[in-house]
Each structure stands twice: as C-alpha cells, then as structure tokens.
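Colleague: Sequence:
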Amino acid sequence: MANFSNRITQLFNIDYPIIQAGMVWTSGWKLANAVSNAGALGLIGSGSMYPEVLLQHIRKCKAATAKPFGVNIPLLYPDIEKHIQIVIDEGVKIVFTSAGNPKTWTPVLKQHGITVVHVVSSSTFAKKAEAAGCDAVVAEGFEAGGHNGREETTTMVLVPLVKAAVKIPVLAAGGIATGRQMLAAMILGADGVQIGSRFVCSNEASNHIKFKEAVVNSKEGDTMLSIKKVVPVRLLKNNFSETIKEAEMRGATKEELAAILGHGRAKKGMLEGELDEGELEIGEVSALINNIKPAADIVQEIWNEFNTVANNPFYFNR
Numbered sequence: 080m081a082n083f084s085n086r087i088t089q090l091f092n093i094d095y096p097i098i099q100a101g102m103v104w105t106s107g108w109k110l111a112n113a114v115s116n117a118g119a120l121g122l123i124g125s126g127s128m129y130p131e132v133l134l135q136h137i138r139k140c141k142a143a144t145a146k147p148f149g150v151n152i153p154l155l156y157p158d159i160e161k162h163i164q165i166v167i168d169e170g171v172k173i174v175f176t177s178a179g180n181p182k183t184w185t186p187v188l189k190q191h192g193i194t195v196v197h198v199v200s201s202s203t204f205a206k207k208a209e210a211a212g213c214d215a216v217v218a219e220g221f222e223a224g225g226h227n228g229r230e231e232t233t234t235m236v237l238v239p240l241v242k243a244a245v246k247i248p249v250l251a252a253g254g255i256a257t258g259r260q261m262l263a264a265m266i267l268g269a270d271g272v273q274i275g276s277r278f279v280c281s282n283e284a285s286n287h288i289k290f291k292e293a294v295v296n297s298k299e300g301d302t303m304l305s306i307k308k309v310v311p312v313r314l315l316k317n318n319f320s321e322t323i324k325e326a327e328m329r330g331a332t333k334e335e336l337a338a339i340l341g342h343g344r345a346k347k348g349m350l351e352g353e354l355d356e357g358e359l360e361i362g363e364v365s366a367l368i369n370n371i372k373p374a375a376d377i378v379q380e381i382w383n384e385f386n387t388v389a390n391n392p393f394y395f396n397r
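Residues 80 to 397 in our numbering are what the sequence shown spells out, letter by letter.
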C-alpha cells in the first residue's frame, strides 16, 4: 500500500489515515508537529490551553512543519469565542470539535474554509454533525480515555452504526493503538482512525514522565469509567478514582462529585505527575502500550503493522 489513498487522506492531504487525538495536557505543538511530519495528522489539544497559549502553540507548529495539522476545540470551553477566532486568524485549516453542539460553530468555521470534524458517541449525534455541515465525524467508543459518551457504546458496535447513519467519512476512536486494531476498525466501516492513548506515551507528548510510565505499567482492568453524574471520564485507577467510586456507590449527588473533583485535577495528574490524587485520563488500550518512543516511530509502527495484516489477515494467528 505504498500510495494509499482514501477519503480521509484526501480530506486532510496526508499520507496515512491516522489522526493523533487532541488531548489535554498532552497534545502540544511538539507532538502535533512530529505526527504531521511523519505523514499522519497531528492535532493541538486546546482544551487545557488559555487563548494566548493556544496562539503560541499554533504559531510554533506553523513554523516547524509545512504539513497539515489541526486543532481540537472542546465546544464547552469557557473562552470558546477566543479559541475560534484564533484558529480563524492564524489560518488553521482543520478543526476537530467535541463536547458540544456542532451547529453552533461549524457554519462559522466553514465560512473561513476550515475543514470541520466532530467527535460523536452515537449514530444520532453523527447525523446531527452531518446536518450541521461537518466534513467528517469521529465515532468514539467508550473504551476511549478522557471524556466519554453516556451511551457506553463500544467502538466495535458504534463504528458500523455510524457508518450506516451518515455519508460523510467516519474515523474510529477508542481502544485503538495498533495496526491490527486500525485494520479491524476499517473493516467495520471506518475510513481512518483517531488515536490518543498510544501518543500519550510518545517522547513529544507534553504530559509528565510519571504519567507515561504509569500508562506503560498499567494492566488489563486498570482503567475505569468514572464521574458519570458530572461528565463520564475514563481514567487510571488511583486514590482519587477510589474516592469517586465510593462516593458514587453511596449515591453522592452531582454537586458532591463536582466538589470532590475540584479544579485542576487533570493538570495535577497528567502534567505535574501526581499519581495518587491526580485525574489520569487514559483509555482501556493502555494495557497494550509497553513503551515510550518518538511519535514518528509510533506512526510508522502502526502503519507497518496495518499493511502486514492487511496483506496477510492470518499473520497473527501463527
């Protein structure tokens, strides 16, 4: 598959249909640049950035690569207007939106020639994103790390449902870190994949080394979906997650859970390396991640395995 081409590679003008997710405290310009230069699509995660910080990351990424890159913008961000204006003013051509109604900002972005992709957790939301004018959707199953859909639909079920519901390209996300998993997602109907957790354990990711090492050392069953009454989030089990679990089991209200969560807990855990009381957002696929390496090597490793299995479907049954 030397000159692979499909709707996703054509939409973003990239070599491989692989997108690095825009993750809080992880996806700065260094990671986005490394992934884009490797032939995939890198995303700057703006959800943990003040507007002036996002501006600097975009400018540094523009200076470092001539390849396409994008910005992920959670639509519930308090300074959403400023983030939108920054991507418009800086000439960013690709925006991934999440956590909100795509009807609100998609038309504005489209007016400025920006390709818009929205993250969805159900076929119903996928249809709404298509109706809003989005160019593609990310079908994210509840295996994914970080904020999750309340439907708790797995990627293996969600991808074919979304594929059947919309005509625009579909990216699969949630529980994907290898070429084998990428091929499986595409057989289910995805045009490409968005990968987050695997890039957490890249050299260029801005999160703390202690967090990366915790992910590498995690085993099957070491993540949990938590804080469902506030906003469902998948994270590594630790003292904080146990506190939340106990509160949920005794029927704590949304307000009580929000008070326990407090402010800045994801920053404390992921960026500052506080592994006991921090919020450590990561996907179930962390159990398959065994090393930390350059992002370009991760892209090539995934793509090489994808090609190996695509050319010989029974390769891994030996």
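Worth double-checking, as some hints may not be accurate.
Only pairs whose alpha carbons sit at most 20 Å apart, straight line, appear in this in silico EDC-like list of lysine to aspartate or glutamate [to be verified]:
#1 189 x 209
#2 206 x 231
#3 109 x 169
#4 307 x 270
#5 298 x 321
#6 346 x 292
#7 246 x 231
#8 172 x 209
#9 109 x 131
#10 146 x 376
#11 324 x 335
#12 189 x 168
#13 308 x 351
What the hints contain is simulated information worked out from the structure, not anything from laboratory work.
Note that the structure is a prediction, hence the values are computed from the model and not measured.
Colleague: Taking the numbered hints from earlier one at a time, note which ones the structure violates and give those numbers from smallest to largest.
Modeller: Violated: hints 4, 7 and 13.
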